[in-house]
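I would like the entire structure built from these sequences, with the hints used as guidance.
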Amino acid sequence: YSPTVIAAAVTSKIGKARLPTHIELPCAFGLAKNSVILLEQIRTIDKKRLMSRIGELPPMTMRRVNRAILISLGFDEKNYFA
Numbered sequence: 357y358s359p360t361v362i363a364a365a366v367t368s369k370i371g372k373a374r375l376p377t378h379i380e381l382p383c384a385f386g387l388a389k390n391s392v393i394l395l396e397q398i399r400t401i402d403k404k405r406l407m408s409r410i411g412e413l414p415p416m417t418m419r420r421v422n423r424a425i426l427i428s429l430g431f432d433e434k435n436y437f438a
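Per the working numbering, numbering of the sequence shown is gapless, rising by one per residue and ending at 438.
There's no promise every hint is true.
[What the hints assert, rightly or not] Using 27 Å as the maximum straight-line C-alpha spacing, the simulated DSS-like pairs for lysine-lysine come out as follows: (1) Lys403 to Lys369; (2) Lys389 to Lys369; (3) Lys389 to Lys403.
No wet-lab data here; the hints were simulated from the structure.
In structure tokens form, the structure reads like this:
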């Protein structure tokens, strides 16, 4: 319903420091190269800037993303995941 969407940066520079807010993705899910989601770099963007959907993450990967978002925002993930 909102004209905006919350997005995280994705990089193909795999050598970046390993942080609990980084989720590695293989070159699948619509990506041309192995990549890393940088969930410490979350921002709101206008949906008009999005061209098309490139892929979708499986549920297990989305759980890892959700956990990394909680860490990025300073929440104690132990209260949210058993």
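Note to self: Does Lys369 sit within 27 Å of Lys403, going by the straight-line distance between their CA atoms?
What the structure shows: holds (26 Å)
>> Would the hint linking Lys389 and Lys403 be met if the CA-CA limit is 27 Å?
In response: holds (24 Å)
Note to self: Does Lys369 sit within 27 Å of Lys389, going by the straight-line distance between their CA atoms?
What the structure shows: The given pair, whose Cα atoms are some 9 Å apart, holds under the 27 Å limit.
Of the hints listed earlier, there is not a single one the structure fails to meet.
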